[in-house]
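K.L.:
Make the full structure from the sequences, and use the hints.
Line order of the protein sequences matches chains A and B. Counting from 1 along the first sequence, just add 1 to a position and that's the residue number in our numbering. Counting from 1 along the second sequence, just add 195 to a position and that's the residue number in our numbering.
Just so you know, not all the hints are guaranteed correct.
Stated by the list, open to error - 25 Å max Cα-Cα, derived BS3-like pairs, lysine-lysine:
#: 1; chain 1: A; residue 1: Lys312; chain 2: B; residue 2: Lys269
#: 2; chain 1: A; residue 1: Lys398; chain 2: A; residue 2: Lys287
#: 3; chain 1: A; residue 1: Lys132; chain 2: A; residue 2: Lys22
#: 4; chain 1: A; residue 1: Lys154; chain 2: A; residue 2: Lys99
#: 5; chain 1: A; residue 1: Lys376; chain 2: B; residue 2: Lys269
#: 6; chain 1: A; residue 1: Lys322; chain 2: A; residue 2: Lys400
#: 7; chain 1: A; residue 1: Lys312; chain 2: A; residue 2: Lys376
#: 8; chain 1: A; residue 1: Lys22; chain 2: A; residue 2: Lys112
#: 9; chain 1: A; residue 1: Lys56; chain 2: B; residue 2: Lys269
#: 10; chain 1: B; residue 1: Lys222; chain 2: A; residue 2: Lys312
#: 11; chain 1: A; residue 1: Lys61; chain 2: A; residue 2: Lys99
#: 12; chain 1: A; residue 1: Lys398; chain 2: A; residue 2: Lys317
#: 13; chain 1: A; residue 1: Lys376; chain 2: B; residue 2: Lys245
#: 14; chain 1: A; residue 1: Lys112; chain 2: A; residue 2: Lys94
#: 15; chain 1: A; residue 1: Lys400; chain 2: A; residue 2: Lys317
#: 16; chain 1: A; residue 1: Lys372; chain 2: B; residue 2: Lys222
#: 17; chain 1: A; residue 1: Lys291; chain 2: A; residue 2: Lys322
#: 18; chain 1: A; residue 1: Lys98; chain 2: A; residue 2: Lys22
Unchecked claim - Heads up, incomplete: computed chain A residues facing chain B, CB under 8 Å, no partners named:
#: 19; residue: Val304
#: 20; residue: Lys305
#: 21; residue: Lys344
None of these hints come from the bench; they were simulated from the model. All C-beta atoms in this analysis are idealised placements derived from N, C-alpha and C, irrespective of residue type, glycine included.
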Amino acid sequence: MRFYEFEAKALLGQAGVPVAKGGTATTSDEAARIAASVGGEVVLKSQVLSGGRMKAGGVKFAATPDEARAAAEHILKLEIGGQMPRCVLIDSKQPVKKEYYAGVIYDAVAKLPVAIFSDMGGIDIEEVAEKNPEHVARVHFSTFQPLQEFKFKELVASLGISGNELNQISRIIARLAKAFLTYGLTLAEINPLAQLEDGSFIALDSHCDMEEEAREQQSAVLDELGIGREETRLARPPTEFEIRGAEVDASDHRGVAGRVVEFDGNLGCVIGAGGGSLTIFDALRKHGGKPANYCEIGGNPSVKKTCELTKLILSKPGVEKICVIMNVVSNTRVDIVARGVIKGVIESGYDPAEKIAIFRIPGSWEEEGYKILEKFGVDYADRTVPMSEAARRAVEKVKA
Amino acid sequence: MTQASGSGMFIRVEVDEPVASDAAAAKQLAGVCPVDIFEASESGVTIVDKNLDECILCGLCLAVGPAGAVRVAKLYDAGALLVAAV
Ligand code: SF4
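P.N.:
Set out below in structure tokens:
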């Protein structure tokens, strides 16, 4: 779940990261009042979840409260990336000497958070990593052991920074890492982390994303920020198909069979297990397939739930066939999924042998599952067939 | 004689007399089945058709009443009967 900049600023401010004096406004008069109370020159920033604010004219400077009023008037009416601003953030303008980058993300390969630091801030970190990799340093840290500030010192020192600057920056990164762990974040980023003319450091812009599953645990923080439970913060509102998928998933406590995302393709997907959904989805696309949906099944969903998910996918206009592919399953039963899918296909008025391009779920109760598939003439594959190959076969059948 | 029975797309369940009309046995069947295929009443057991295909082949119901009085058949396997675990 993505936070607006003003929310990220509040979160990081609570964690002890130095942030600029300011406030948010939803009217131009309010913006002028905040600018007057901040004093001096201010920067006004549109609060949208999409990027490209600067280019779109969503960031403006103002030397007086009247200028701030005019700038806010403009920003509050400005649509950026299809979004109207939630509000405008008014921050005191800082005398910047140098800009740095500090971020923490989760490294899914190392299965650890990683702190990233660069002495080239204010620009896209991916661009810096690509063009100037020697200006980017990284260090992993534990989610269990207490945070060790020396690790962040080593990180900053590796780019040749020393003395008071080293101490200040590493302390800020340690606080950023603490916020990352405390608030269940998947991204905590300060860009730019500015060194001011007096030598002090301040976060001039920050981004935070929270793990969707952490919302319940962090409900007090979210309440404090005024983020309602109904606020999904998704890139777009869910489609009717996705809403119905969520209803299917919620209809029974057993397992997962839902979490669908709608696409335009012709190959329906009943996919999942241990990260399998993403792998299979990518494999289908790699082989030239056009998935009609993304979905997740696992945790041994009931026959009824799998049946309803299958029916939902088959009800989508343009779906020619479905593929049923999962990782090797241990806590999901192959025979139960086979029953659900076949029942869904038959109840939708189709022949499973025709409609199921491939069924590739090896694992628990597979012998029983394969008996069911044979009975209904469904083409199936066992664990000797990799998921990618199963995806290729499915794509080939749809193309044929 | 079969008194209570039902067939889904994959599973058929049969309960013979006198187990089927025995209230205590019915209660036991409803108690052991993890997917609610049996419903108990004073007059005995009823098979809940809509849940039949949820049968997980655990065999717990087979132990209620005399051997063979409760049968679970796999319709996808030429009607092969589920065998109780020893
Ligand atoms: S085998 Fe298990 S799941 Fe199936 S009917 Fe008997 S008790 Fe219920």
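K.L.:
Now look at each hint and say whether the structure bears it out.
P.N.:
We went through each hint and held it up to the structure:
no.	hint	in the structure
1	A:Lys312 - B:Lys269	holds (24 Å)
2	A:Lys398 - A:Lys287	holds (15 Å)
3	A:Lys132 - A:Lys22	violated (34 Å)
4	A:Lys154 - A:Lys99	holds (19 Å)
5	A:Lys376 - B:Lys269	holds (11 Å)
6	A:Lys322 - A:Lys400	holds (10 Å)
7	A:Lys312 - A:Lys376	holds (20 Å)
8	A:Lys22 - A:Lys112	violated (36 Å)
9	A:Lys56 - B:Lys269	violated (65 Å)
10	B:Lys222 - A:Lys312	violated (35 Å)
11	A:Lys61 - A:Lys99	holds (20 Å)
12	A:Lys398 - A:Lys317	holds (19 Å)
13	A:Lys376 - B:Lys245	holds (21 Å)
14	A:Lys112 - A:Lys94	violated (39 Å)
15	A:Lys400 - A:Lys317	holds (18 Å)
16	A:Lys372 - B:Lys222	violated (33 Å)
17	A:Lys291 - A:Lys322	holds (11 Å)
18	A:Lys98 - A:Lys22	holds (18 Å)
19	Val304	holds (5 Å)
20	Lys305	holds (7 Å)
21	Lys344	holds (6 Å)
Hint violations for this structure: numbers 3, 8, 9, 10, 14, 16, all remaining hints satisfied.
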